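A.B. asks: Below, each chain spelled out in residue letters.
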Amino acid sequence: MDWTWFHRFGSPPHLYRLAGTLVPWFAWPAAILLAAGLYGGLVLAPPDYQQGDGFRIIYVHAPSAWLSLMAYSTMAVAAALGLIWRMKVAHAVAASCAPIGAWFTVAALVTGMLWGKPMWGTYWAWDPRLTAELVLLFLYLGYMGLRAAIEDPQRADRASAVLAIVGVVNVPIVHYSVEWWNSIHQAPSVMKFGKPSISWPMLSPLLIMFVGFTLLFAALVLVRVRGEILRRERQSRWVAEVVAQ
Amino acid sequence: MRLAFRNRAQLLHPLLFFGIVTTLFPLALSPEASRLRDVAPGVLWVAALLSSLLAIEFLFRDDAQDGTLEQYALSGQSLTWLLFAKTVSHWLLAGLPLALMSPVAAYGLGVPVGAVPGIVASVALGTVALSLLGAVTAGLTIGIRRGGALLSLLTLPLAVPLLIFGAQATARAIAGTGIAGPMYFLAAFTVLGITLAPLAAAAAVRISLE
Amino acid sequence: MSAHRITGDTLHVFRGERHVLRGLSFAATSGEYLEVSGANGAGKTSLLRTIVGLVHAESGSVEWNGRSIHADPRAFHAQLAWLGHESPLKGDLSAVENLRYAIGIRRPVDAAAIGRALDEVDASRFAERPVRTLSAGQRRRVALAGVLLAAAPLWVLDEPATHLDAAGHALVGHLVESRIKTGGIVIAAVHAALPVDEAHTRRLGLSTK
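Chains as they are written, first to last, in our numbering: chain W, 48 to 292; chain Z, 426 to 635; chain S, 13 to 221.
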């Protein structure tokens, strides 16, 4: 019996099984909350006195944007764990976060543009938040591009980990610079919705959506991580056993 | 630690590129002085960014190919410091000439003479930060086929803050208002870069050598 | 001069997906020459790169004088001279300039020492020309001079005699022997055995599986 194999793969199968059991615990509450939030936001909440019904897109836009940032941070933290403590499964988690985060970024951009059309009369007007989201999308694409361009999987993991960490330091700086740039040039102003007098029926579905989106993100990452682990460990014995079931 | 004998034509390429790009814009737009002056900050900075990207590619390429990069990593000295020194000498050979050439380009774009010191200062400072950032992304992409395109994709989004503040500094120099604000930011970014970038670059190089 | 010891303990090394080294162990002390042989692709270069620390083993450890090489990498590297496949020389500089710069990073070195090292490898004739005008064999000799100048107790050489003729091959054997006779350790990956005193030679054969 080659004990090295057991030692080396002690963690991935554990994570694989753990992720498998956790997925329904995240997915079902996510589905319920998302349904509730959407109903509350799209149907129950009263129309905004300024924007009429157009504001409702915020119920998808704001959580998407928030999650796009959360996903990048999670990716960077996982990357750091993998890089500094050489935890292989951490790299699998980081790799899983990237495409999911990228899609959230795309969702934020698309919903932002749909919101912008009635407000500004055009789909794109260099609003600072949308511009920062666009830069974030490029950061995601760069990360995934770097991974794809390196053939050696270990080098790909470690190089993209460095990139993720450098990126996460940059993200707040990018946000700050774009806000500053916007204030100088008076581009169409920000789609801020957090006014103090926002009413509870408007706010509560938003909070529900935030939580629901976060749970959705967790569920998606868990599902993807399982796939990542299987792919990475495909030459090992335990994967062969799992596949045989 | 200066590789002072690098007498290669490659040093000229980024400068020529800068010159050509800043010439293209008036040709593409219109030679009207006021119009050019408006877009001058943007043109100068985008051209400087792209030219710097050209130069950054060469930072590690030769050393990686002939095995000297490995020797740096195994020299018993701090790779962080060695790479910092390398980045500084790269800037002296690539970024500084770019900054010194910017008055010429600026003149071609109809910029008033009084703005020149501000422009040179902002481009000089910005290219330092850019070289530091480029050292990290170049370190990550050593030896990758057609890594130049990937290098641009990785570096440009990270360089957006530099572009914003650098162009703003240039615009203020042209308008005659003080450039202190944006310059402070560029300086802060550069200081952050000096402390963190060589470390990250060393990590990146070690990963690429593996 | 104190005795040194370098050991590898159950090393498992992966290059991408390939399990290149499976549970390999070795040891060498002062005055010994460890010759690593094997077919192309057997893992000689991977082993050497793992020993110097460029590659991290998946499991197992490499220890220098009882401490892991990753515990204080700079101290370990200061006692190491590494020669890889390529001769690490900059084409536009002369041999002398290359050595002055390369060794200068490690420790101060004067022109006389460089001259002596180049004499030992029989490279003085072409020491002042730009390296790109030299043949591969000539470059290898200059690289060997660099190894000498490092004045390190441990030498790890990857095919040191490539591009060298029979005289050069004998030269490498001679240099290795001098190093171990003065208390150093040499580990080298070779295709053809080097002419070194058998009494001080250990052999490690790698096979592809």
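Hints are supplied without guarantee of correctness; some may be wrong.
Said to hold, decoys possible - The list that follows gives simulated cross-link-like pairs (lysine to any residue, SDA-like), each with its CA atoms no further than 20 Å apart:
no.	chain 1	residue 1	chain 2	residue 2
1	S	Lys102	Z	Asp487
2	S	Lys102	Z	Glu482
3	W	Lys135	S	Lys102
Unchecked claim - Here are some chain S residues pointing at chain W (derived, C-beta under 10 Å):
no.	residue
4	Phe26
5	Arg27
6	Gly28
7	His31
8	His97
9	Asp122
Hints were generated in silico from the structure; no laboratory data involved.
In this text, all values refer to a predicted model and were calculated from it rather than measured experimentally.
Think of the CB as a built atom: it goes at the ideal place given N, C-alpha and C, for glycine as much as any other residue.
A.B. asks: For each hint, tell me whether it holds in the structure or not.
C.D. replies: For each hint, the structure was consulted:
no.	hint	in the structure
1	Lys102/S - Asp487/Z	holds, 9 Å
2	Lys102/S - Glu482/Z	holds, 18 Å
3	Lys135/W - Lys102/S	violated, 38 Å
4	Phe26	holds, 7 Å
5	Arg27	holds, 7 Å
6	Gly28	holds, 5 Å
7	His31	holds, 9 Å
8	His97	violated, 18 Å
9	Asp122	violated, 39 Å
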